[in-house]
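Here are the chains, one letter per residue:
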Amino acid sequence: MRLERISISAPITENKWALPEIIRVVNTAPVIQVVILQFHSLFLHTSLARMDWSLLDRLKSDLTGKRPLIKLCVTAEGRTPEDILGALKANEAVMDLVEHNMVILKSEGTSVWGD
Amino acid sequence: MRMIPQMANLISLKISHRPSDQKEEFFSTLRNCLQQSSFHELHLFHIYDLPFSVLDDVKCIKHLTLSNCLTTKGEASFPTSQLSLETLVLSGVFIPDLHRWAMKWVTRLTTLELSNLKLDLDSDWLAFPELLAACSNSLTRLRIDMSDRCMLYLSIIFFKFTYIS
Numbered sequence: 001m002r003l004e005r006i007s008i009s010a011p012i013t014e015n016k017w018a019l020p021e022i023i024r025v026v027n028t029a030p031v032i033q034v035v036i037l038q039f040h041s042l043f044l045h046t047s048l049a050r051m052d053w054s055l056l057d058r059l060k061s062d063l064t065g066k067r068p069l070i071k072l073c074v075t076a077e078g079r080t081p082e083d084i085l086g087a088l089k090a091n092e093a094v095m096d097l098v099e100h101n102m103v104i105l106k107s108e109g110t111s112v113w114g115d
Numbered sequence: 001m002r003m004i005p006q007m008a009n010l011i012s013l014k015i016s017h018r019p020s021d022q023k024e025e026f027f028s029t030l031r032n033c034l035q036q037s038s039f040h041e042l043h044l045f046h047i048y049d050l051p052f053s054v055l056d057d058v059k060c061i062k063h064l065t066l067s068n069c070l071t072t073k074g075e076a077s078f079p080t081s082q083l084s085l086e087t088l089v090l091s092g093v094f095i096p097d098l099h100r101w102a103m104k105w106v107t108r109l110t111t112l113e114l115s116n117l118k119l120d121l122d123s124d125w126l127a128f129p130e131l132l133a134a135c136s137n138s139l140t141r142l143r144i145d146m147s148d149r150c151m152l153y154l155s156i157i158f159f160k161f162t163y164i165s
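Chains as they are written, first to last, in our numbering: chain A, 1 to 115; chain B, 1 to 165.
Fair warning: there could be bad hints in the mix.
Selected chain A positions facing chain B (in silico; Cβ < 7 Å) [unchecked claim]:
1) 2
2) 4
3) 5
4) 7
5) 8
6) 23
7) 27
8) 30
9) 34
10) 42
11) 44
To list a few chain B residues with every Cβ distance to chain A over 12 Å, as calculated [claimed, not checked]:
12) 9
13) 18
14) 25
15) 56
16) 97
17) 111
18) 113
19) 130
20) 133
21) 137
22) 143
23) 145
24) 146
To be clear, the hints were calculated from the coordinates, so they are not data collected in a lab.
What you are looking at is a predicted structure, and each value in this text was computed from that prediction instead of being measured.
All C-beta atoms, glycine included, are put in the ideal place defined by N, C-alpha and C.
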């Protein structure tokens, strides 16, 4: 696959297993550069805590040793962008990925292609 | 047909719903518009009796959006020319035949967007991974919006896609 960019919008209420599926497809695309994940949550803190974010560490590197950049945008019913950012920052697993430059947190309103 | 104006250099056309009467005239006028060499973008919404053959005659289209479009039942069609679609956006009602038909057009596709597709697990949902596999050599951007659907579908699409490819 020549896929360079994949963008997925999905709810995160019951989808603990969504990440393995996404990772499996991303890992079949050797030149993929950007993965845009737009997750919608009903119960912000619970949903974020349920996700096994460390799975994102399983993304393969390309031939140059670079891993795809993940642009993560979370939206939640009735929550402000500040609420959501606060919840993400309180999640150790997410912040660990951010600190290792694997994930960039994007705000609501980000285009579907992460631009 | 007043709904689709006759313009010599039409580039893009967006139509939502067709008039309830004048069916033949509507599709005939649409077909004429699509054959213009300047024409690059077609967006159709809520067209419930779209004949495949209208799209088969399109020569220069680069971007096609089909949202909640149904095709004429039982119509089998084979494109007469090789199209070079670059962007295909499919949303709403899921029609396996339409997706299978689109496969013939996607060998040069660079962007594929699938959004809010109303899938029935009992129907022929295998058309999706087949469509993905058909354009996997040219596709650089893939968007899947499953915002209001069960994540099970996403899993099935990906699982079958990786199996086919």
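Right, here's what the structure says about each hint:
1. 2: 6 Å, holds
2. 4: 4 Å, holds
3. 5: Interface hint status for residue 5 of chain A: holds (5 Å vs cutoff 7 Å).
4. 7: 4 Å, holds
5. 8: 5 Å, holds
6. 23: 10 Å, violated
7. 27: 9 Å, violated
8. 30: Result: violated, 12 Å to nearest chain B Cβ.
9. 34: Result: violated, 9 Å to nearest chain B Cβ.
10. 42: Hint on residue 42 of chain A: violated, closest Cβ of chain B at ~12 Å, above 7 Å.
11. 44: 16 Å, violated
12. 9: 29 Å, holds
13. 18: 28 Å, holds
14. 25: 37 Å, holds
15. 56: 27 Å, holds
16. 97: The assertion about residue 97 of chain B holds, with a minimum of 25 Å to chain A.
17. 111: Label violated. Min Cβ-Cβ 9 Å, cutoff 12 Å.
18. 113: 8 Å, violated
19. 130: Consistent with the label, residue 130 of chain B stays out of reach of chain A, its closest Cβ about 15 Å off (over 12 Å).
20. 133: The claim breaks: residue 133 of chain B does not keep its Cβ more than 12 Å from every Cβ of chain A (closest is about 9 Å).
21. 137: 7 Å, violated
22. 143: 4 Å, violated
23. 145: 4 Å, violated
24. 146: With a cut-off of 12 Å, residue 146 of chain B comes too close to chain A, as the shortest Cβ separation is near 5 Å.
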